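Protein chains: 2
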Amino acid sequence: MKISELATLSGAPLSAVKYYQREGLLHRSEKTAPNQAIYDQSHVQRVRLIRALLGAGGLSISSAKAVIDALDADSLAQAFGVAQAAMSAPRTTDPEPSPQSRERVSELAHAHGWKTTPENPGFEVAARALDGFQSISFEPSDSFLGAYAAAAAKVAKADLTAVMRLPDREQKTELMVIGSVLGNPLLAGLRSLAHENETHTHLTAQES
Amino acid sequence: MKISELATLSGAPLSAVKYYQREGLLHRSEKTAPNQAIYDQSHVQRVRLIRALLGAGGLSISSAKAVIDALDADSLAQAFGVAQAAMSAPRTTDPEPSPQSRERVSELAHAHGWKTTPENPGFEVAARALDGFQSISFEPSDSFLGAYAAAAAKVAKADLTAVMRLPDREQKTELMVIGSVLGNPLLAGLRSLAHENETHTHLTAQES
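For the protein sequence lines, the chains are A and B, in the order given. Sequential numbering of the first sequence, starting at 2, is according to the working numbering. Sequential numbering of the second sequence, starting at 2, is according to the working numbering.
Here chain A stands alone, though its shape is the one from the complex (with noise of 0.2 Å):
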């Protein structure tokens, strides 16, 4: 298919599907003539693939490319790291966590048995949003952490169960690596509803 179909059945605007090219997004297709290209259905899976990662994933377009570049990583801890490092590469705006924060993160996991390795990036993110908690004096208790960590633990261990579940290494690739970034959006969309729904339970009697 030319350009032109393959914006159409991705459902993609025209201009933005030229751009994923350029940027690198987009694999190789076979050329016909110096421009012209032939696009297939692994085209079409990949654009909705890019709009996915750049929308409800919420990563940058060079995010996005290394997270796609992992797929074709050699093994599947690999792409695992890939993706986790791309996903929550800090902007240069960044300030450094605090090392009392890093400290309760790398307590946390200690406490729920997890076997990490220091480059993990998740030590930074977490300690990062406790330092957020730190600008309004909110102290989290070791229980509201406890939480967290029991919930973060329950969708890691559904996460890679679907994984495990898949035929072949390809999927199991593709899901690790793209499960890593839209699980983020799915739990805080799931979080929010259930924040209404307790909002409700909570206040109903103070408030009314």
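I should point out that these hints are in silico values taken from the structure, not numbers from a laboratory. Note that the coordinates shown come from a computational prediction; the quantities given were computed from them, not determined experimentally.
Note that the list lumps identical chains together, so a pair holds whenever it fits in one copy or between two copies.
Straight-line Cα separation of at most 20 Å, SDA-like style, residue types lysine to any residue; simulated pairs:
hint : residue 1 : residue 2
1    : Lys155    : His201
2    : Lys116    : His203
3    : Lys173    : Ala78
4    : Lys158    : Glu140
5    : Lys158    : Gly147
6    : Lys19     : Lys66
7    : Lys158    : Leu146
8    : Lys173    : His201
9    : Lys155    : His113
10   : Lys173    : Thr202
11   : Lys19     : Ser64
12   : Lys155    : Ala112
13   : Lys3      : Gln42
14   : Lys19     : Gly56
Knowing the structure of chain A, use the given hints to seat chain B on it.
Okay, now just chain B, sitting in the frame of chain A:
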């Protein structure tokens, strides 16, 4: 204190503090002369908060402004609604989520007995993530989504428990608004750590 001292105490570059002021993110300060203002400790806290929202929270300047404005809302439920809407404001380039994914999220909320309103932005955020999974032809099972919903319910309960423990209304509002934003990267960071642990457990045998 002067603006330079505000920058030093809050750990932010002077140029950033000036920028927040121009964008209306800092509350009014006493003016001693037409172009000299006096800042106090409340401004130091505010600058730290802004940096947490922009950094760990990943918000844009305009979303951070909406979240900060929500701190002045009349009721907790209203503050919460404003904050939720601000942080999940879809960019104009985001595609509408599919009716199928919206329906799946509604069913999930219903299955968990959540009382929600259709305006809750969580429906769109979660549905858009589900659409993303379809771009890699992954059909989340009921048990996969059930684990996500249970995890979301768990953290929402911990969030509201922490809010209700605070002594006054102002602090409650602050934690509800800021916690809505910062809870997501906290959860995402911990999920990344739990992922690594699960990956070791599941893959060691297969890949070594």
